[in-house]
Amino acid sequence: MKDHYSLVIVGAGPAGLAAAVNAAHHGLDVALLDEQPAPGGQIYRAIESIPAERSSLLGAEYQRGSELVSVLRDSSIEYYPDTQVWSLNRKLEIGLVCSNTAAMITANQILLANGAMERPLPFPGWTLPGVMNAGAGQILFKAHGIVPADGVVLAGSGPLLLLLAWQYLHAGVKIKAILDLTPVHNHLRALPYLPRALLAGHYLMKGMAYKKELKRAGISTLHNISELRASGREQLESISFRQNGRQHVLETELLLTHFGVIPHTQLSRAAGCRHDWDSSQQCWRPQLDEWGNSSIDGILIAGDGGGIGGARTAEHAGRLAALEALHQLAKIDQRQRDRLGRKDRKWMREDLHVRPFLEAFFHIPGKLLRVPDDGTIVCRCEEVTAGEIRMAVANGHSDSNQVKFQTRCGMGPCQGRQCADVVENIIAATGGDSIARGGHYRGRPPVTPLTLGQLASLYPEEKE
Amino acid sequence: MKPDVLIIGGGLMGFSVALQLVKRGTRCKVLDKDSAGRHASGVNAGGLRQLNRHPAEIPISVAAADMWHNIESLVDSDCDTRFPGQIRVAENAEDMQLLEERAAMVRGLGFEHEEIIDRDELYRLVPALAPHCKGALICRNDGYGRPFHALDAFRRKALSLGVEYHASVRADAIEHNGNEWCVSSEKGEFRAPVLVNCAGAWAARVAAALGESVPLKPGAPMLMITERLPRFIEPVIGAASRKLSFKQMQNGTLLIGGAHMAELDFEHQTTDMDWAKLALSARTVMALFPQLENVRIVRTWAGIEAFMPDNLPVIGRSSRSPYAYHAFGFSAHGFQLSPVVGKIISQLILDERTEFPIEPFNIQRFCKR
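Protein sequence lines, in the order shown, are assigned to chains A and B.
The opening position of the first sequence corresponds to residue 1 in our numbering, with each subsequent residue numbered one higher.
The opening position of the second sequence corresponds to residue 1 in our numbering, with each subsequent residue numbered one higher.
One or more hints might be untrue.
What the hints assert, rightly or not - DMTMM-like, lysine to aspartate or glutamate: derived pairs with alpha carbons at most 20 Å apart:
| hint | chain 1 | residue 1 | chain 2 | residue 2 |
| --- | --- | --- | --- | --- |
| 1 | B | K33 | A | D433 |
| 2 | B | K187 | B | D172 |
| 3 | B | K277 | A | E464 |
| 4 | A | K91 | B | E72 |
| 5 | B | K134 | B | D172 |
| 6 | A | K346 | A | D289 |
| 7 | B | K243 | A | E461 |
As the list claims (entries may be wrong) - Computed, partial: chain A to chain B, Cβ under 8 Å:
| hint | residue |
| --- | --- |
| 8 | S99 |
| 9 | G272 |
| 10 | P356 |
| 11 | A360 |
Since the hints were made in silico from the structure, they are not lab data.
Here a beta-carbon is modelled for each residue, glycine too, at the ideal position from N, C-alpha and C.
Using the sequences and the accompanying hints, generate a full structural model.
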């Protein structure tokens, strides 16, 4: 690895791959860093090594990834798998660990394409072994062909739940129930966005087809579910929930939940990029212009890390950000950039038509976000409960950083990426600052843990 | 109701002063431009150290240690304090000689808290230490606390006794109209006959409003903390000829400091870590505890503190303005002194004298003659 590149791209999912290929095509020296052992990101996980049979179970949308990855393999891009980025600053210095050695490299332009994560949403019992994210279940299937052996309950809200149910159905997994926590009144909320969504109607058609097929296979989806609770002594034994005023209990050793996805903003925050609260997507997202420029010169962001748009939009955004990097580096002029980006801008606009509808349809009710139960753990690393957070607010700590100082929530190895948004929601609902005013945990590097030995290997020439 | 004393700065010093005053029936109002303990007070290393203090600080540090050992009687909380001792290790004969000279100097001043220990005693107290060390200087009743918890305890006790606190109040102008001080801010005017400057890294601005120019330099010493480990060390470890402060906290994490500075953007109150210096700290830790090579660092940070050129604080009356007092410039070792500073300032205000020797901390040492 060199210690300087014209363009460094972080993340080898659809945005990063499309950007890298586009930039290298114009003769730029590009380093593509990715924490996974193989390219594809979460969406196209294991795309190069997956057996054909499993690949076909995952559907055409998944197979789209092989095209992107094969172009990377045919290119001159320096691609570094198994590489963690633990630091980024406004001077465009990137701290990374590759093969257990830490390094600090620089770039003229940096493109963050580090995608999304599942929205953490604590409910009673969510930390029990046997309760997992649906996305994690899907990754196990993609990467290793692992599926639940003794049946599964799927619960939550969002398109991934439906997709995973359909994939499991075809893989022969016993689906005990699908619990839809989307409130019924979301249908009304989404209605005004339906005409525009029909412009990207293939997404809606696909969803309807999945639903129909599941129904035909006799898998019941229970709608308008609330008060989800997981119970068990050492691990999950049963779940309970309420539907139309009645309480139900279901025995299961595995529950996969999903409440939508939110951008990975750790690196953009570490660098000091400005972020806004998006009340439609119910998450923080970095401020970006239409080419992916963040509030810091030289840092571009594309794909779900810049706001949730899905895999196709990420590809377009990645190519556009690469054009912008080329423009910034004076490899192409503005007119060339605009001309070369015209199609991607058009396609991206079309692809995004469905988003406002989906965001309204799968809007997470405030009641769920604010965690009803004082005993529920919010920060898994430090085992801080919702009740302790409310107590800190009652004692005059009115924003998430003060609550963090007081309770240690967000001080564990995950750096608060699991609990930050939930803590902000609880504070806002308990009479503290609103989310937009109270702000987010201030970043404390490293973004991912780094060993003392790795840190000690940096800057060997530095003396006391 | 109008207060008797306005305190600028809602950090540990500000609340310590307020607490001592309110206990003697004085009405106080504490103003902070951010939130309580937002900077140095909330995020320092939490060391309760008499060991290796500047001779001028020894008397007040010893008095502060007594207060920390009984801190619950003052603030109804133990502030998560522990007193397993602080140790300064000698890695070679030269180090050992330096430490012995230091111990003799402290004894010569009439204090007994610093003591030399030999190699055997050192390894009995710290079996995990790399084998090359020769001995150490120790203060057995030193220890550490959790800064934000201490700040919160001081704040809550002060408020429970009637101190008023206003967050997000930035003093735009500070004037004396002949009878009283008037602090103007976006949130209105605050008036009182007496003013105390506990504004930490921002104290030079307050001092300037009192007609005093001080060579205060804001700085941001870096700290890092690791994942939790099984307990393997009790005392706080420093080294005679290296920059290091190393301790295992109550929850098993290791807190590592070395007085290396982050890059500070004072206007925006932001810091950037200096990874070259943190790498140096990591090498220092590995020289003394090589078994920690694979321990993960989970966070680093740097709080903004006030540094004076002689690394001694300013504590005492204003030299230019009436009924104004200073307590700032603790140069990254103020946490331990905070309880006694409250006592000193409250005595100066209410008794016009203090039992503690504070002449070395007079602001006039910076005034041009």
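Against the structure, the hints:
1. For the suggested pair B:K33 and A:D433, the alpha carbons sit about 17 Å apart, so the restraint of at most 20 Å is met.
2. Proximity of B:K187 to B:D172 is assessed by CA-CA distance (about 10 Å); at most 20 Å being required, the pair is judged to hold.
3. Between B:K277 and A:E464 the alpha-carbon distance is near 8 Å, which keeps this suggested pair within the 20 Å criterion.
4. Of the supplied pair hints, the one linking A:K91 and B:E72 is violated, its CA atoms being roughly 46 Å apart against a limit of 20 Å.
5. Taken as a hint, the B:K134 and B:D172 pair is broken in the structure, with Cα atoms around 54 Å apart against an allowance of 20 Å.
6. Simply put, A:K346 and A:D289 have alpha-carbon atoms about 16 Å apart, close enough for the 20 Å limit, and the pair holds.
7. At most 20 Å may separate the alpha-carbon atoms for a hinted pair to count; B:K243 and A:E461 meet this at roughly 17 Å.
8. With 8 Å as the threshold, the beta carbon of A:S99 stays out of range of chain B, its nearest partner Cβ sitting at about 15 Å, so the hint is violated.
9. For A:G272, the interface hint holds, since its Cβ comes within 8 Å of a Cβ in chain B; the closest pair sits about 7 Å apart.
10. Below 8 Å, beta-carbon pairs count as interface contacts, and A:P356 has none with chain B, the closest being about 35 Å; its hint is therefore violated.
11. For A:A360, the interface hint is violated, since its Cβ never comes within 8 Å of a Cβ in chain B; the closest pair sits about 35 Å apart.
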